[in-house]
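Peer 1: The primary structure of each chain is shown beneath.
Protein chains: 4
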Amino acid sequence: MVAISLRKARTIVRKALEKGRELELKPLSVVVLDAGGHVQAFEREDGASPGRFDIARGKAYGAVMLGMSGSAQLARAEQQAFFMAAMNGAFGGKVVPVPGGVLVRDGKGAVIGAVGVTGDTSDNDALAAMAGIEGAGLTGEA
Amino acid sequence: MVAISLRKARTIVRKALEKGRELELKPLSVVVLDAGGHVQAFEREDGASPGRFDIARGKAYGAVMLGMSGSAQLARAEQQAFFMAAMNGAFGGKVVPVPGGVLVRDGKGAVIGAVGVTGDTSDNDALAAMAGIEGAGLTGEA
Amino acid sequence: MVAISLRKARTIVRKALEKGRELELKPLSVVVLDAGGHVQAFEREDGASPGRFDIARGKAYGAVMLGMSGSAQLARAEQQAFFMAAMNGAFGGKVVPVPGGVLVRDGKGAVIGAVGVTGDTSDNDALAAMAGIEGAGLTGEA
Amino acid sequence: MVAISLRKARTIVRKALEKGRELELKPLSVVVLDAGGHVQAFEREDGASPGRFDIARGKAYGAVMLGMSGSAQLARAEQQAFFMAAMNGAFGGKVVPVPGGVLVRDGKGAVIGAVGVTGDTSDNDALAAMAGIEGAGLTGEA
Chain S
1 MVAISLRKAR TIVRKALEKG RELELKPLSV VVLDAGGHVQ AFEREDGASP GRFDIARGKA
61 YGAVMLGMSG SAQLARAEQQ AFFMAAMNGA FGGKVVPVPG GVLVRDGKGA VIGAVGVTGD
121 TSDNDALAAM AGIEGAGLTG EA
Chain E
1 MVAISLRKAR TIVRKALEKG RELELKPLSV VVLDAGGHVQ AFEREDGASP GRFDIARGKA
61 YGAVMLGMSG SAQLARAEQQ AFFMAAMNGA FGGKVVPVPG GVLVRDGKGA VIGAVGVTGD
121 TSDNDALAAM AGIEGAGLTG EA
Chain Z
1 MVAISLRKAR TIVRKALEKG RELELKPLSV VVLDAGGHVQ AFEREDGASP GRFDIARGKA
61 YGAVMLGMSG SAQLARAEQQ AFFMAAMNGA FGGKVVPVPG GVLVRDGKGA VIGAVGVTGD
121 TSDNDALAAM AGIEGAGLTG EA
Chain R
1 MVAISLRKAR TIVRKALEKG RELELKPLSV VVLDAGGHVQ AFEREDGASP GRFDIARGKA
61 YGAVMLGMSG SAQLARAEQQ AFFMAAMNGA FGGKVVPVPG GVLVRDGKGA VIGAVGVTGD
121 TSDNDALAAM AGIEGAGLTG EA
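Residue numbers (the UniProt record's numbering), protein chains in the order written: chain S, 1 to 142; chain E, 1 to 142; chain Z, 1 to 142; chain R, 1 to 142.
Incorrect hints may have been included.
Short, incomplete list of chain E residues facing chain R, as computed with Cβ under 10 Å [what the hints assert, rightly or not]: (1) Asp34; (2) Ala35; (3) Gly36; (4) Gly37; (5) His38; (6) Val64; (7) Met65; (8) Gly92.
Worth flagging that the hints you see were computed from the coordinates, not collected in a lab.
Glycine residues also receive a C-beta, built at the ideal position from the N, C-alpha and C atoms.
Given these sequences and hints, build the entire structure.
Peer 2: As structure tokens, this is what we get:
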């Protein structure tokens, strides 16, 4: 399976959390998935609600499985709510179609994983995710 | 596990049911969950429909897992129906995003559990839940 | 739905918990289901593990749905493990076929609900359940 | 929510992975759950198979929900295979009853979370989990 290395995944998580602290966001949770949608690394900050893993993963999982960033999924959900509902049926309810789910691509544009961040507004979550990805020297698509 | 003690949970249930009788509401069902979303106490009044446990738990469970009261969930559902649908996917269909799901916080503001009430209108359910929580000397966020 | 009244359900829960304290059992959890297998009342003692609701309900649910006490289910599981596995398939995984699931019958022998107790050994759980049922003036089948 | 702090959870993960490298184990995956069974932190080493998150979580989740270490669950599964199968039904298939699921207790003996390790033999997984827990100054029950 193509995957972000654990070393880089750790960097993504740390840099995303640092961005959250810098912007004084609410406690964040950050997941890194591989190109198959499987969990590589996750951290939940103290004070976050207990369900944050499922939300973070849902954002990143939808991005990987559909090959669409969270923002693109949101746009589609706003146009065709039934379509994203059908996607959720197809993927066992594991798709959370909002910003904060960010695709990670390699130098040739191939998807090598995705990052999901949750805890603040969806737009701030996406900012933190991008900071994590760029902090690891990778390219994100929010 | 941080949890409301069983002694306090019983008080919440009784005071909520008393409020229901005082206001002449329909038969109520009341659940108390711990800070991990697990059931601590539940009672269903005679005459309530059989599915009330799942509804009461759904209100309280969503509150705990998302760290949002039922009213806040309702507002989000009205703005972004697809988002609360996605949350229900992520949490296995166990989220009921309407008033009557009330967060319980300790003196420092940390969530120590949630109460879910169902049986009458959502707003009356929330009133009964708040009466139960306050009757036990705790602070609720409806 | 035929059901034990809430007043009697409360008595069952309290008397079962009292029996547990009298015998110095580990923290117990007690559920009362109606004749349709739906939750009427539940309490989990402080110190019990968080998953006890599902275990207590599973014991009582199997009793109601199969019309067999927990002891009878255990005997069947020991003779034909595949049969109880199939039952669990049929009932969505909600059957826990061990003592501590006790049928409650009315004066004519009709099932009016079931009690599930968990926390100590299965046999002690069943003792506590029977004490609760008898303390409410009802007849149990362990 | 009672939880191991993120700072300590990170230490557990690192120390468990270091133990794996010291013993030359296969690539490991390590999860830390809070006292409600919710994910706090996770890392999967490069080269591990993609399904390792669910296995690690299953080991730790069963420990929290049942209040039993992986070794105790294994013993029960060997005596009563149908019982652990029923537990898996009750908990939605999320229980993996083998060593490598380790309860973490506070100074008073209360469960504050659990660690799950997978990748090598179950016994080696448990060794790595214990090394992580002890490396964070906490007490484990394997």
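Peer 1: Indicate, hint by hint, whether the structure satisfies it.
Peer 2: A quick look at each hint next to the structure:
1. Asp34: holds, 7 Å
2. Ala35: With Cβ-Cβ at 4 Å, under 10 Å, it holds.
3. Gly36: holds, 2 Å
4. Gly37: holds, 6 Å
5. His38: For His38(E), the interface hint holds, since the closest Cβ of chain R sits about 6 Å away, which is under 10 Å.
6. Val64: holds, 9 Å
7. Met65: holds, 8 Å
8. Gly92: holds, 7 Å
In summary, this structure violates none of the numbered hints.
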